[in-house]
Structure formats: structure tokens, C-alpha cells
Amino acid sequence: MTVEARVLAGETLSAEEREFVARAWEFLSGERPLRHEVSEQWGVGDEDLALFHETTDERERAEADAALAWQKRRWEAGFGWINGPVAYGGRGLPERFDRLYRMLEGAFEIPDLNPLRIGTGTVGPALVTYGSPEQIERIATPLYRGDSIACQLFSEPAAGSDLAGVLTRGSRSAGGWVLDGQKVWTSNAPFADWGMALVRTDPDASKHKGLTMIMVPMRAEGVEVRRLKQLTGGSSFAEVFLNGVEVPAGNVVGAEGEGWAVAMATLAGERKAVGNRSHERIERAVALLRELAERQGRFDDPIVRDAWVRVYVRMVTTRLQQQKVQSLPEEKHSGAERAMDKLFVAAAFREIGECASVILGPAFVADTGDWGTFSWSRWLLGSLGYRIAGGTDEILKTMLAERVLRLPRAGK
Amino acid sequence: MLTTEQQDFRVTLRRFLAEVSPESAVRAQMATRDGFSPTVWKRMATELGLQALLVPEEYGGLGLGLVDLQVVMEEMGRVLLCAPFLSSSVMATLAIRECATAEAKGRLLPALADGELTAALAVSERDGRWSLDGLSTTAEPAGDGLYGLTGEKWFVIDGHTADVVLVAARVDGGVGLFETSGGAEGLVREPLTTLDETRKLARLELRGSPARVLSATRDGVARVLQLVAGVVAAEQVGGARRVLEMSVEYATVREQFGKPIGSFQAIKHKCADMLMQIEAAEAAAYAVGRAADQGSDDVELLASVAKSYCSDAYLFAAAENIQIHGGIGFTWEHPAHLYYKRAKASQLLLGSPGEHREQILSSLGI
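Taken in order, these protein sequences are the chains called Z and V.
The first sequence begins at 1 in this note's numbering and counts up one residue at a time.
The second sequence begins at 1 in this note's numbering and counts up one residue at a time.
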């Protein structure tokens, strides 16, 4: 089976899709080498086992620039905004084409696009739905053209799972709005050009009604970004302080007071998109653990055998479930697909981390210097955060119970 | 995932099973020795042709695929249908279809397809393993191309009621599959007291019982057992979905502290955990059917993945269902225990989850 066929195994393609796939494959093969197998990569380079990408000031600008450069190439070749509206530079193709492209791209060595993902995956689509034509042209299109990067300014110290509790104030000024407050757990903040901020513009209105969504230029006066050191010892997120930041009125997305609806649409877009990326990480990790156990002769131990085969079963079932959801037509979706996928992935991440510790024993807790050993501890630590970030396990399970199973909401 | 025909068939089947297998019928059959109603068995054949599903058209069957069969088993699992469908129409029929000579197929399959004949597959012995290694039952040539079977078979599904028994036995240093009559000379059959009373198991004692050889090699039989494991996985999905529905229905109407208990997060999270496992179980189960129907070479590996995962998912859901029901769930009158017992029994049927996980490792060369 060719790599191309293996990547698309189980997909039934229309003539138009086949043509699209052929063009995309041609573009990718012309640009980048195919990705290596795990066994070929053993002992080479970074183990890449941190679940949240951890970076430093020096590295991150270079990573962001590499991502932007690749996004630019995609844009020039017509794969930068596959499902975006034609009027704004997109290809205007259905969602499915975008997914097919991402599946193909996953087979190649490409720069990590993580720095762009919030912009192209969440902020961009929200702007297309709620923004004015001027805003889409000015802010959304450049995100896909590889010219700028966006971050999301939603969570606050006092507003985690209860997002509608945000306290950051937006007060009217002569030219628009003045923002004051603190946001937290922001990815990409140090190098982002735009921040999509949920702010309280009417403190007298009810909790959900007094909110407005505003696009903040991250380099504006009064925006202060501080790295947050997480329990892994590394840094993947930042705190963003907004101290009297002046924002023009034209940066309000949707209507004043409509912020909650925009936020929900943004998060729904995120929840709908059941991606392949986490599943690819799981597959790589399970393959690495097999290689590790084989190299260390650990498969003689029944406890190691059981630990590994359990993560293998979890990998297969989680992937099959994801493929089942992806193959369903969108009208059959409940809107909680990504929530379930994320719960599965979080559980798999954790079990994989535990499996590594079973295989490694003491070499999991002290660095022997061997490649691909102690670094698994970063995976396990990261898995603790994965159950919290982007909707805690508990919030997501409540969502499944209420949206899919229709159990009564609390207090009713 | 399923075709429109399969979805329509499911609707028809669900209606039929609601009529022939309400809880009262399940409880009535549970209490009998044979464990099924011949009237319902006949209706299954004449009205829907269920027994003919896997039988090739040239032998008077419908020649349908494994996914079609899985839909049927999922629906039967929902209602805990008491019938020799798994033993006769799935296990024995598949074994004959996959392993037997054309002569045996021509003799047995048409009658199995009509439901006129039932058959059982006897593999495990006193140690309860569903493995073809280490069998002690033997087949000795007895002249005229016949054999004499000697040994004990245990945990044979519907073994005491089947018209024909297919016996895995040692022969010439290998393992083969043999056909003997339920009423054969030297065959003593005894129903066992079972945890899951909706599916009957028997012990068979063979004292030189006359038999014909169906297959002289073991590979086909081993593959059949794996396919059946994948089919049972679909039955488990059906049972698990039903207990989740029961939990959600109950949690919506049962009030404590002045509120439906389903509004409490502790209950919601239990239901969400059940839902997740069931969704993944369904994906895993049907992956086996699709792989089999497409002739894909990873079908046996997928069968072990599905059987291990679906077994655990069903048992989890069945236990949580009892917990969500509280006191009423612990009574004999409530059906929750029937599903729990089916879940436990089917978890250990055709290999425990742990055995299937070992199977996965060996398929992967580990």
C-alpha cells in the first residue's frame, strides 16, 4: 500500500475529492519529505514527549516564523484556507476537504503549526461568523495568509470552568473602549498579533448579557505578557495583563453585549473539530513504548505486557471512535463530539504516561542519560494538565450527559 | 456507518423482538430447562429468515455479511433474547460454512437456515479455555470413514438441546472438527446451573460417540472463534446501550432531595462514562464486521480488541446501571441483574479480556 493510500484508508472519495487529494499530494511531495517511522527515529533528536509545547523566548519566535512561512506556502498553493469563503481569499470547499488535506499533511515532515492553530482554527472561523466584512478582511484573512497570529483571551483567574464570570472591564472611551483586567492560560500570547478578548462591558447587566468580544492588538500600549511556569518546569502559556488598553470601536466582534454568544460559537467550532493530531501523538507514543520495552527486554514481564497492551487497545478503540464520528454527516452530530474525543484523548495520554513508568521503573524518576527514557516523565506530568485545559473532564462529562443523554440540568 | 437497508432492518427487527421477547418472555424462558421457545424460534425463521443470515445463497440462505449479523446480535443483546441463535445460527453455522466439506454443507446448512435443525459448537473442556491447544477429547477412526469421540466438553452453549453437536477433538496429533448427533450413542448431556440464565450451558460426556469429520485442520476453527468473538462484541454493545437507556430513563424520573437524580453530577458523570465506553465499544465491534466483510487481514486482531474492550464496557455499564437504580436495582424483580449476569457471562465467553489481550500481543509478534 502506498503512503497516500494508507493515510486515506477507510475514506470513500468522490471524483472531486480524488482530484483535490491528487493536487494536495503533488504539492506536499514537492515541498516536504515524508515523515519517518518511529524505529528509524530512535535516539535521534528531541524525544518530543512534552504534551504541551514548551518553549523559551529565544526559540519561540523562530518557531512562529517557521509556522508562518509554511502557512504562506500553503496559501500560495491554494491550501491555506480550504474551507474559507471565496470572497475573502478562501477556497470555499466543504469542511471535509480541509480534513482530507490535514490527513495528507500529517504524513509529511512539516513545521509545527501550533503557533497558528488558535488563529486559523478558532478565531478565524468566529470572525467569519460574527465579524464584519471589514474585520474579516483586516484580521481573519491575514491569519490564513501566514501574515499574523492570533490568541484567545478568555480564561481569567476567577473564570475557569465558569467562563461567563469574566471580570476584565471594557469601558467606553472617546475612540472606542478601554480594557482593564487579567487573562490567563493564554497560548501564543508572547508572539501573537491579535487577542480575541471576552470582556465585561456592562457590569449592571446579568452575568451572560454584559459581555462583549473585542479584538485586541497585542502590541498596543498597556498589554503586558508574562510567561507562566507550569508544574512540568517548562512554559507553554502566559498571563496577559490589560492595563488601560485603548481599542477602537471597530474591533468589537458582533454586537455589544453579544460576547457570550460569540464565545460559545467559538468554543462550539472548537468542539466540532475532531482532529487527527492527538491521535497521531497517541500512535507515536504507543509505538515508542513498544520499541522501548523491546529494546530493554521488558516484554517478559506480565505486568509490562498488560500495561502496554491496554494502551494499545485504548489507542485502537479511541481511533476507531474518532473515525466513526468523522464519517458521520454533520447533521447527525450532537455538538459534543470533540468533548468526547478530548475525554478519550486525555485518558489515553494519562494511561500512556503510566505505562511508560511501568516499563521504565526507576529510570522514570531519575535521568540515566539514555535517550527516550526520563523524558517520559514530562509526558505524564503534561497529561495532568490535559484533563484541565480546554474544558475539564468534569465539565465535558456534564456536557455529554446534558446534550447527548438529555439528563436534566442542575437545579431543574 | 450502516447502510439504509441495515438501518431499516434494525427497525423491523426491534419491533419484532419487542413483540416476541418482552421481559416477561425472557423471565419465562430463563426458568425452563431448554431456555427458548420453539414457537418464537420458528417465527424468527419464517418471518425474518434470521437463522439463514450467514448461510450462503447456494445452500438456501441469505448470504449476508458479518455487519448484518452484528446488527441482529446487537438487537438481540438489547432484549436478552432467549434462543439458540448464537450457538446454532452463528457459531455452528459459521464453523460449517468456513470449515466443512461441500457434502456436509449441503447436508446441514439448508436445515440450519430454515431453523429446522439446531447445532452447537463444543470446544472448551473442564478448564474452560476457548483454545484449541491442550484438548483432551479425542477422535479415533472407527471404520467406514467414521470416528468415535471420547472425552468431556464443558460450557457448551445450548449443548443439551442442539440436534447436532460439532466437537473439536484431537486427531492424528492435530485438532479437527467433528459432527455428532445430539442423540448419539454414548453421548450424555447435562444442563449446567448458570449465572446467566438467559443463555444455557451444558456438559457433554462422549463415550465413543460416532462422528463424521468436518474439518481435519484447526486453523479454520480458530478463525471462526475469533469471528464469533467479534459478533458477541456487537451483542454486548446492544446490552450496554439498553442499560444506559434504563439508567437515563430512571435518573430522569426518580427524585431525591426534591430533584431528579439525573440532575446531580455524580449521576451525570456515571452516565457520561457509560456513554463514552459504549460509543467506543460500538466503533470497535463494527470494525470487526467491516474488516471481515472486506476480507481485510487484521480481522482477528480487531476481534480481540473488540472482544476485550466491549466485554469490559458492558460489565461496567451493567454494574453502574444497578448503582444508579439504587435499592430497586438490587431486587430480583428489576431487570438490571439480568443484564449484569449476561455481561459477566459474555465477558468470559470465547476468551476473557485478559486472554484476548494476550492474543493481541501474540498477533503483533510480542
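Bear in mind the hints are in silico, worked out from the structure with no lab data behind them.
Be careful, since some hints might not be right.
As the list claims (entries may be wrong) - Residues from chain V shown here face chain Z by an in silico Cβ test under 7 Å; the list is partial:
1. LEU2
2. PRO210
3. VAL213
4. GLY262
5. SER263
6. LYS268
7. HIS269
8. ALA272
9. LEU275
10. GLU279
11. TYR309
12. ARG357
13. LEU361
The C-beta atom is built at its ideal place from N, Cα and C for all residues, glycine as well.
Does VAL213/V pass the interface hint, meaning its C-beta sits closer than 7 Å to a C-beta of chain Z?
36 Å, violated
Using the nearest Cβ pair, does ALA272/V come within less than 7 Å of chain Z?
4 Å, holds
With a cut-off of 7 Å on the beta carbons, see whether GLY262/V makes it to chain Z.
4 Å, holds
SER263/V as an interface hint toward chain Z, with CB separation required under 7 Å
4 Å, holds
How about LEU275/V: closest beta carbon in chain Z under 7 Å, or not?
6 Å, holds
How about PRO210/V: closest beta carbon in chain Z under 7 Å, or not?
43 Å, violated
Is the interface hint for LEU2/V satisfied, with its Cβ closer than 7 Å to some Cβ of chain Z?
11 Å, violated
Measuring from the C-beta of GLU279/V to each C-beta in chain Z, is the shortest one below 7 Å?
At 6 Å from the nearest chain Z Cβ, GLU279/V passes the 7 Å test, so the hint holds.
Interface hint check: LEU361/V, Cβ to nearest Cβ on chain Z, cutoff 7 Å. Holds or violated?
5 Å, holds
Let's test the interface hint: is any C-beta of chain Z closer than 7 Å to that of HIS269/V?
At 5 Å from the nearest chain Z Cβ, HIS269/V passes the 7 Å test, so the hint holds.
Does the interface hint hold: is ARG357/V within less than 7 Å of chain Z, judged Cβ to Cβ?
With a minimum Cβ separation of about 4 Å from chain Z (threshold 7 Å), the hint on ARG357/V holds.
Do the numbers back the hint for TYR309/V, that is, is its least Cβ distance to chain Z under 7 Å?
5 Å, holds
Going through the hint list in order, the structure does not satisfy hints 1, 2 and 3.
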